[in-house]
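Trainee: Residues per chain, in single letters:
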Amino acid sequence: RKEVEQDPGPFNVPEGATVAFNCTYSNSASQSFFWYRQDCRKEPKLLMSVYSSGNEDGRFTAQLNRASQYISLLIRDSKLSDSATYLCVVSGGATNKLIFGTGTLLAVQP
Amino acid sequence: NAGVMQNPRHLVRRRGQEARLRCSPMKGHSHVYWYRQLPEEGLKFMVYLQKENIIDESGMPKERFSAEFPKEGPSILRIQQVVRGDSAAYFCASSGTGADYGYTFGSGTRLTVV
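Residue numbers (my numbering), protein chains in the order written: chain Z, 43 to 152; chain V, 38 to 151.
Extracted from the complex, chain Z is given alone in its bound form (with noise of 0.2 Å):
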């Protein structure tokens, strides 16, 4: 079983929908939690990290369920620029190091 989980895609929506991804992981001792946006051939960049309380950033909301281990990102009124891969990454114990998922594709349409 992979240590963190997301359905791979593609995600085709239009302009303006409404879009959710989700995400589980595995390991229970995971202690913060992210989601990160990769555009082709780029480097993965901070999205934003993901708490209990749940949190939103203008557009973006993502919610975290630790008895469940579920991690979800909400996008309101997609934007042609909001077109990217999407990944869910965890990370914990003493080195922090960061868990990947596989990514979700997200393509809006005009």
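Some hints here could point you the wrong way.
Think about it this way: if two alpha-carbon atoms lie no more than 20 Å apart in a straight line, the pair counts; the simulated PhoX-like pairs of lysine-lysine are [as the list claims (entries may be wrong)]:
#, chain 1, residue 1, chain 2, residue 2
1, Z, Lys87, V, Lys64
2, Z, Lys139, V, Lys88
3, Z, Lys121, Z, Lys87
4, Z, Lys139, V, Lys99
5, Z, Lys44, V, Lys81
6, Z, Lys139, Z, Lys87
I should point out that these hints are in silico values taken from the structure, not numbers from a laboratory.
Using the hints, position chain V against chain Z.
Mentor: Leaving out everything else, chain V in the frame of chain Z:
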């Protein structure tokens, strides 16, 4: 304040040659992580280094791969006797110390083995 600098951006090697990938962390960052992304796959942790120390190399292949982060100069990921399966994007990330372990990634080195 330059970000994480990786070079070269692209590297082509013939099978059996050596590849050296360099990473200069952000100013003030003393922790370096190397990740590999094979085609159509997610990023996989390889190694975590602090100055002059390898802290966690649990993701490094047992043979041909080595990493260092000397007291002076960049971190180096070295791959000896490269094979086609080593073709991938290699990303370096750095972080500082403290409670907020923010990661900053470099733009990566794309290694192609021909």
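Trainee: Now tell me, hint by hint, if it's right for this structure.
Mentor: Now for the hints, and whether the structure bears them out:
1. A threshold of 20 Å between alpha carbons decides the hint, and for Lys87/Z with Lys64/V the separation of about 18 Å falls inside it, so the pair holds.
2. Restraint check for Lys139/Z and Lys88/V: satisfied, since their Cα atoms lie roughly 17 Å apart, inside the 20 Å limit.
3. Distance restraint check for Lys121/Z and Lys87/Z: the Cα-Cα separation of roughly 18 Å lies within the 20 Å cut-off, and the hinted pair is therefore satisfied.
4. Among the hinted pairs, Lys139/Z with Lys99/V is consistent with the structure: their alpha-carbon atoms are about 19 Å apart, no more than 20 Å.
5. Note on Lys44/Z and Lys81/V: the hinted pairing holds, with a Cα-Cα distance of about 12 Å set against a maximum of 20 Å.
6. Between Lys139/Z and Lys87/Z the alpha-carbon distance is near 16 Å, which keeps this suggested pair within the 20 Å criterion.
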